[in-house]
Each structure stands twice: as C-alpha cells, then as structure tokens.
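Each protein sequence line maps, in turn, to chains A and B. Each residue of the first sequence is one higher than the last, beginning at 1 in this note's numbering. Each residue of the second sequence is one higher than the last, beginning at 1 in this note's numbering.
Just so you know, these hints were derived from the structure itself, not from any lab. Watch out, some of these pointers could steer you wrong.
[Said to hold, decoys possible] Below, simulated DSS-like cross-link-like pairs (lysine-lysine); rule was C-alpha separation at most 27 Å, straight line:
| id | chain 1 | residue 1 | chain 2 | residue 2 |
| --- | --- | --- | --- | --- |
| 1 | B | Lys23 | B | Lys57 |
| 2 | A | Lys77 | B | Lys126 |
| 3 | B | Lys161 | B | Lys23 |
| 4 | B | Lys8 | A | Lys295 |
| 5 | B | Lys250 | B | Lys166 |
| 6 | B | Lys227 | A | Lys295 |
| 7 | B | Lys286 | B | Lys275 |
| 8 | B | Lys126 | A | Lys295 |
| 9 | B | Lys244 | B | Lys8 |
| 10 | B | Lys126 | B | Lys8 |
| 11 | A | Lys77 | B | Lys227 |
[Unchecked claim] Chain A is nowhere near these chain B residues, computed Cβ spacing over 10 Å in every case:
| id | residue |
| --- | --- |
| 12 | Leu21 |
| 13 | Asp44 |
| 14 | Val63 |
| 15 | Gly94 |
| 16 | Cys152 |
| 17 | Asn153 |
| 18 | Val159 |
| 19 | Lys166 |
| 20 | Leu183 |
| 21 | Pro251 |
| 22 | Gly283 |
Glycine residues also receive a C-beta, built at the ideal position from the N, C-alpha and C atoms.
Take a look at the letters that make up each chain.
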Amino acid sequence: MKPAVRPEVKPESKPEASRPQAKPAVKPSDVIEREKVEVVQKEEKPVAEKITIGELHLSGCTGCLVTLADNYEGLFKLLDNYADLVYALTLVDVRHVPEMDVCLVEGSCCLNDKISVEELKQARAKSKVLVAYGGCAAYGNITRFCRGGQWNQPGQEAFVPISEVVDVDLYLPSCPPCPQAVRNVAVMAYLLLKGNDEQKKLATAYLTPLMQLAQRGNEACGCDLMYDVINQGLCMGCGTCAGTCPVRAITMEYGRPNVNRDLCIKCGACYAQCPRSWFNFDVMNNYEGIMDAIKGAMQ
Amino acid sequence: MDVLGNYKSVIAARSTDKDILKKAQDGGIITTLFAYALEEGIIDGAIVAGPGNEPWKPEPMVVSTKAELLAAAGTRYTISPNMSLIKEATRSYGLDRVGIVGTPCQIQATRKAQLYPIGMRDVDDKIALALGIFCMENLSYQALEAIVEDHCNQKMESVRKMDIGKGKFTVYTERGAVSQMPLKLIHKYVQPGCNVCLDYVANLADISSGSVGSPDGWSTVFVRSTKGNAVWDGAMKAGYFETKPMDQVKPGLDIVKKLATEKITKNQKNVDARKTAGLKADGTPKGLRNPYVSP
Numbered sequence: 001m002k003p004a005v006r007p008e009v010k011p012e013s014k015p016e017a018s019r020p021q022a023k024p025a026v027k028p029s030d031v032i033e034r035e036k037v038e039v040v041q042k043e044e045k046p047v048a049e050k051i052t053i054g055e056l057h058l059s060g061c062t063g064c065l066v067t068l069a070d071n072y073e074g075l076f077k078l079l080d081n082y083a084d085l086v087y088a089l090t091l092v093d094v095r096h097v098p099e100m101d102v103c104l105v106e107g108s109c110c111l112n113d114k115i116s117v118e119e120l121k122q123a124r125a126k127s128k129v130l131v132a133y134g135g136c137a138a139y140g141n142i143t144r145f146c147r148g149g150q151w152n153q154p155g156q157e158a159f160v161p162i163s164e165v166v167d168v169d170l171y172l173p174s175c176p177p178c179p180q181a182v183r184n185v186a187v188m189a190y191l192l193l194k195g196n197d198e199q200k201k202l203a204t205a206y207l208t209p210l211m212q213l214a215q216r217g218n219e220a221c222g223c224d225l226m227y228d229v230i231n232q233g234l235c236m237g238c239g240t241c242a243g244t245c246p247v248r249a250i251t252m253e254y255g256r257p258n259v260n261r262d263l264c265i266k267c268g269a270c271y272a273q274c275p276r277s278w279f280n281f282d283v284m285n286n287y288e289g290i291m292d293a294i295k296g297a298m299q
Numbered sequence: 001m002d003v004l005g006n007y008k009s010v011i012a013a014r015s016t017d018k019d020i021l022k023k024a025q026d027g028g029i030i031t032t033l034f035a036y037a038l039e040e041g042i043i044d045g046a047i048v049a050g051p052g053n054e055p056w057k058p059e060p061m062v063v064s065t066k067a068e069l070l071a072a073a074g075t076r077y078t079i080s081p082n083m084s085l086i087k088e089a090t091r092s093y094g095l096d097r098v099g100i101v102g103t104p105c106q107i108q109a110t111r112k113a114q115l116y117p118i119g120m121r122d123v124d125d126k127i128a129l130a131l132g133i134f135c136m137e138n139l140s141y142q143a144l145e146a147i148v149e150d151h152c153n154q155k156m157e158s159v160r161k162m163d164i165g166k167g168k169f170t171v172y173t174e175r176g177a178v179s180q181m182p183l184k185l186i187h188k189y190v191q192p193g194c195n196v197c198l199d200y201v202a203n204l205a206d207i208s209s210g211s212v213g214s215p216d217g218w219s220t221v222f223v224r225s226t227k228g229n230a231v232w233d234g235a236m237k238a239g240y241f242e243t244k245p246m247d248q249v250k251p252g253l254d255i256v257k258k259l260a261t262e263k264i265t266k267n268q269k270n271v272d273a274r275k276t277a278g279l280k281a282d283g284t285p286k287g288l289r290n291p292y293v294s295p
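Working from the sequences, and respecting the hints, build out all of it.
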C-alpha cells in the first residue's frame with residue numbers, strides 16, 4: 001500500500017545536519033524517527049511519474065473491485081510502475097474522495113441515498129477521467145430490476161446508471177468487468193497522460209471506442225444484438241456474444257444469437273464485445289504490437 | 001494495410017498425412033497444423049467446426065485428439081459460431097493454450113476479444129494459435145439447404161463433398177453424382193453481415209489458408225505473426241507439409257489478390273452506401289450504423 005499523500009519535502013534535499021545521526025539509541029523516539037525516514041526514501045522515486053487512480057464504490061457488489069485485484073501480480077506491477085491507488089474501499093485508508101487522474105466508479109447510483117449522489121458528483125469534479133466501471137455503473141445491470149422494499153433499506157428503490165447523474169468519459173461494461181480489460185485501460189490511461197506523442201496517439205485510438213460507448217447511452221440488454229447488429233444487417237454469426245455472456249443467456253441458433261431475456265442481466269458485455277458493435281482497424285491491425293507492448297509493460 | 005494483410009511468407013502447401021488428405025477440403029493445412037500443435041503441446045485443444053446434429057450443419061467443438069480433428073476436417077459452407085466457445089474452452093475445458101480456427105470475421109472477433117476483453121476474463125493470453133480461412137461470404141444453414149436441395153437437386157444427407165471453385169458451387173454425392181450451379185445465383189442467399197466485411201484472407205490470423213491461388217489438392221498459406229511463423233517453421237521441420245514456392249504454382253498469388261481486391265472494393269462500397277441509405281427531414285442523407293466508425 002502506498003501512502004496517499006506524498007511528503008512535501010524530499011528527504012534527499014534535507015540538510016545533512018537535520019538527518020538522524022547513526023548513533024546508539026538512547027530513547028525510543030530516536031529509533032522511530034530513523035525508520036520513518038527510510039520508508040519515505042524508498043517510496044519517493046517510483047511515485048513521481050505515476051498517474052493516480054481511485055475506485056468509488058456505489059451500489060455494486062464489490063465484484064468490480066475484486067476484478068481489479070484479480071490481476072494478481074499484475075496489480076502490483078500496475079501500482080509499482082504506472083498508477084497510485086489513492087481511493088478504494090478497504091484497499092486505501094482514505095475517507096473522502098480525493099483529487100485523481102482516473103476514477104473508476106463501481107455500481108449504479110441510488111438516488112434515495114444522498115451520500116451516493118454527493119460522492120459521485122465529487123468524483124466527477126475531482127477526476128480527469130471518470131470511468132463507468134462495470135455493468136451497474138454503465139447500464140444499471142441487475143439494479144435495473146430493483147423495485148425497493150428490501151431489508152435493510154426498504155426506502156431505497158431508485159437506482160440509475162451513473163451517467164444519469166454525472167457526465168461519464170469512458171465505459172468498461174460487463175459483469176464483472178474483465179481484469180485484463182481494466183489492466184489495458186489503466187496502461188493506456190498512463191500512456192495518454194504520461195506518454196510521448198506516439199504513445200498518446202495509440203492510447204487515444206485505443207480508448208476512443210470505449211469513450212464512444214459512453215456517448216451511446218446507458219441502456220443495455222441482449223436486445224442490443226437484435227436492434228444494433230442483426231436488425232442493422234451486420235451480424236455474421238461469429239458467436240462472440242454467446243461466448244462472452246457472463247450468465248449464459250445467449251445461445252447460437254442457426255448462426256444467430258438467441259437471447260433468453262429472462263436470464264439477461266443487462267450488463268452490456270455482448271454488444272461491447274461484438275466485433276460488429278465497433279471494429280477499429282487502426283488499433284486492431286496493430287494487435288501484435290499492442291499486445292506485446294502491454295505484456296512488456298507488465299513484466 | 002494491403003488487401004492481403006501483413007505476412008511474413010506465402011507458400012503453396014499440402015499435408016503429408018494421407019489420413020488427413022483423404023478428409024481434407026484441399027491441402028489439409030488447418031487440420032495438420034492443429035495436429036502438429038497438439039502433438040507438440042503448443043495447444044491443449046482447438047475450437048473447430050465439428051459435426052452437428054443435421055447433415056452438413058457444423059457445431060463448434062473443443063477437440064484435443066487427431067481423431068476428433070479428422071471428424072471436423074473439410075469445409076462446411078455455413079456458419080459455425082466458433083467464438084461461442086472461446087471462454088468456455090479456458091474455463092469448463094480448463095485449457096491454458098487454445099487453438100481456434102475461423103473465418104476472417106471470427107479472427108477479427110478473436111483479436112478484439114484479446115485487445116478489448118470486455119467480458120472475456122482470462123482469455124487474452126490463452127489463445128495460442130488462431131488459424132484463419134479465406135472467405136468470400138457465408139450462408140445460413142437454410143440458405144445452404146436451398147442451394148443443395150432446390151438448386152442442385154440433391155439431398156443434404158446424400159452429399160459427400162461441397163466445393164466452390166472456378167465460378168461454380170459443386171455438390172458431389174455419395175453415389176457419384178455431381179451437381180453444379182453458377183456462383184452468381186448464390187449471392188442472393190449470402191447472409192447480410194458478409195456484405196460489410198473488409199477481409200478476405202484472414203489478415204489478423206497467425207496463419208491463414210485457403211484453396212485460392214494453388215492447384216487442386218493444394219492450399220495457399222499466409223504465415224503472418226511471430227507466433228504463426230514459429231509454428232509453421234516447426235511443422236515444416238517436422239515434415240508435416242510439402243511446399244512449393246508461390247511463384248511456381250498456377251494460378252498463383254495474383255488471383256488471390258484479385259479476389260481480395262474485388263471483395264473489399266465491393267464491400268467498402270456497401271459500407272459507404274450505408275452512410276446515405278436514408279433521408280432526413282431537411283433533405284440531407286440519413287445513415288445506418290457503421291461498425292468501423294463507432295459502436
């Protein structure tokens with residue numbers, strides 16, 4: 001875990017005289033003082049070029065947050081080299097929404113809960129890039145089916161995708177989102193904010209469709225495959241939607257998806273994963289280079 | 001990008017395995033490559049178009065033996081949604097190294113699943129070998145039935161082999177009959193999604209293969225990625241293929257390029273036409289959705 005607040009004075013720049021001298025400890029405070037300085041020195045350098053990321057937890061199941069951790073050693077690599085986690089339930093000991101580069105918002109927003117609405121607005125005001133992280137934040141997901149009357153907050157029944165309350169820059173749908181997707185977005189966000197011109201260009205091209213997805217609207221359903229792919233004459237029956245659906249609501253019947261709408265949780269994965277929702281050749285044609293670059297960045 | 005995509009080498013090739021050649025559509029490239037990759041442990045299993053429950057209707061299937069591969073060999077001119085098993089193969093089947101064969105669009109879907117793994121948890125680094133097949137267009141099963149039963153006048157279950165070549169769709173039956181129809185008549189049966197496809201030779205595959213460009217019984221092979229190159233070199237060294245340089249076979253690479261250019265030019269026109277398909281109240285054109293621009 002990294003300290004959320006950077007020390008204002010770099011230890012290296014301290015005058016020699018003010019540093020604790022290596023002499024036998026005579027009282028406990030001598031020892032404590034020296035240890036503190038060493039810890040700060042160790043942390044100082046790699047922090048400099050990182051971006052800051054936070055996770056705001058609204059009405060979700062914490063699956064999105066767990067997904068972040070499901071990058072396993074990749075998460076440590078991300079936190080060591082590319083991003084500081086400055087805000088996250090249970091993972092960071094920070095109570096109020098801080099300033100950050102990228103804010104991942106998990107869960108839909110309960111309009112009956114003033115704190116949720118307030119924190120979401122703060123997150124928008126204090127972050128450069130606001131990401132609807134997961135199906136609930138992006139599309140409502142299973143909270144779309146909420147009708148209230150549940151213990152222990154029977155009065156809470158109005159849940160909306162976060163874009164009903166604040167402007168959202170980028171969508172990362174599915175329930176839960178994929179650890180590798182958030183990893184890729186984190187690396188690309190780092191390149192966008194800290195990279196050279198070429199890296200910025202790549203990151204922009206990569207992130208564009210996810211930003212367009214945020215502009216497309218906040219309603220998702222297996223029906224999207226009908227409305228925006230098959231009805232538009234674009235489906236070629238590759239089966240990606242059936243393969244990606246987290247609840248196995250989609251089967252392929254005679255080369256077309258058949259959605260069991262009673263099973264569909266409205267997470268948005270099928271449409272976002274469909275190669276005919278978007279297919280950006282400028283990025284895809286370079287798949288080998290990009291995958292190698294991400295792999296290299298994570299080593 | 002060129003209409004033939006990026007590739008390291010292109011050759012005419014044929015499997016050296018007699019069992020595979022007996023069942024194969026042309027040179028048996030895909031089946032042999034998977035057999036080699038399974039043998040060498042490059043893949044633990046492959047997603048292929050296996051036999052389905054109706055004649056000539058393929059069913060996506062995860063296979064891990066040569067016998068299963070042989071049962072799936074040969075072309076079925078209809079849709080096999082192989083991508084539907086991509087996550088399943090790494091989860092229920094527990095494969096760490098997955099092979100997949102697909103049409104160009106399915107390989108595009110594979111690459112999108114790797115670069116943008118929205119709902120494809122732990123899939124991206126498990127795709128060990130993506131083999132592409134040349135594809136001009138595809139047919140629904142019902143369309144294939146109409147072609148074979150109505151136009152060619154043969155029963156689906158009596159067909160031994162179907163083939164497309166030299167401007168004709170040909171059906172060979174078990175009892176030796178041969179029925180043909182001109183390819184031109186097939187176009188009305190093509191699934192609409194194929195009309196916006198801008199890839200003929202599976203540009204994004206590790207290795208792609210198809211009959212066009214090579215003599216009968218041989219296939220044209222594009223070796224594309226670093227991964228594909230390593231697999232191809234290994235298979236060649238192990239004697240799985242015999243090859244001929246592309247410039248020494250007839251009809252050669254030019255016909256591949258010609259067909260690729262034709263397909264992409266025609267379909268690019270279709271994509272562009274979608275922009276002005278409708279009419280707004282102010283008299284300006286109203287467009288249909290363009291997947292190459294935005295979701």
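Do the hints match the structure? See the list:
Restraint check for lysine 23 of chain B and lysine 57 of chain B: the C-alpha separation of about 17 Å stays at or below 27 Å, so the hint holds. For the suggested pair lysine 77 of chain A and lysine 126 of chain B, the alpha carbons sit about 20 Å apart, so the restraint of at most 27 Å is met. At most 27 Å may separate the alpha-carbon atoms for a hinted pair to count; lysine 161 of chain B and lysine 23 of chain B meet this at roughly 10 Å. Restraint check for lysine 8 of chain B and lysine 295 of chain A: satisfied, since their Cα atoms lie roughly 22 Å apart, inside the 27 Å limit.
With a CA separation close to 13 Å, the supplied pair lysine 250 of chain B and lysine 166 of chain B stays within the 27 Å bound. This hinted pair checks out: lysine 227 of chain B and lysine 295 of chain A have alpha carbons roughly 15 Å apart, not beyond 27 Å. A C-alpha spacing of about 7 Å is found between lysine 286 of chain B and lysine 275 of chain B, which places the hinted pair at or below 27 Å, so the restraint holds. Proposed proximity of lysine 126 of chain B and lysine 295 of chain A is supported: the alpha carbons are some 13 Å apart, at most 27 Å.
Only pairs whose Cα atoms come within 27 Å are accepted, and lysine 244 of chain B paired with lysine 8 of chain B is accepted, the gap being roughly 16 Å. This hinted pair checks out: lysine 126 of chain B and lysine 8 of chain B have alpha carbons roughly 23 Å apart, not beyond 27 Å. For the proposed pair lysine 77 of chain A and lysine 227 of chain B, the alpha carbon gap of about 25 Å is at most 27 Å, so the pair holds. Separation of leucine 21 of chain B from chain A is adequate, the least Cβ-Cβ distance of about 29 Å exceeding the 10 Å criterion.
Aspartate 44 of chain B, annotated as away from the interface, keeps every beta carbon of chain A farther than 10 Å; the closest lies near 18 Å. Listed as a non-interface residue, valine 63 of chain B keeps its Cβ farther than 10 Å from every Cβ of chain A; the least gap is roughly 16 Å. At roughly 16 Å from the closest C-beta of chain A, the C-beta of glycine 94 of chain B stays outside 10 Å, upholding its exclusion from the interface. Distance to chain A confirms cysteine 152 of chain B as a non-interface residue, since its nearest Cβ pair spans about 20 Å, more than 10 Å.
The claim that asparagine 153 of chain B lies off the interface holds: its Cβ sits roughly 23 Å from the closest Cβ of chain A, which is beyond the 10 Å cut-off. For valine 159 of chain B, the requirement that its beta carbon stay farther than 10 Å from each beta carbon of chain A is met, with the minimum near 19 Å. Against chain A, the non-interface label of lysine 166 of chain B holds: every CB pair exceeds 10 Å, the least being about 25 Å. Distance check on leucine 183 of chain B: its Cβ is at least 19 Å (rounded) from any Cβ of chain A, clearing the 10 Å threshold; non-interface status holds.
Consistency note on proline 251 of chain B: stated as away from chain A, and its beta-carbon is indeed over 10 Å from all of that chain's, at 28 Å minimum. With a cut of 10 Å on Cβ distances, glycine 283 of chain B stays outside the contact zone with chain A, its closest approach being about 23 Å.
In the structure shown, no violation is registered for any of the earlier numbered hints.
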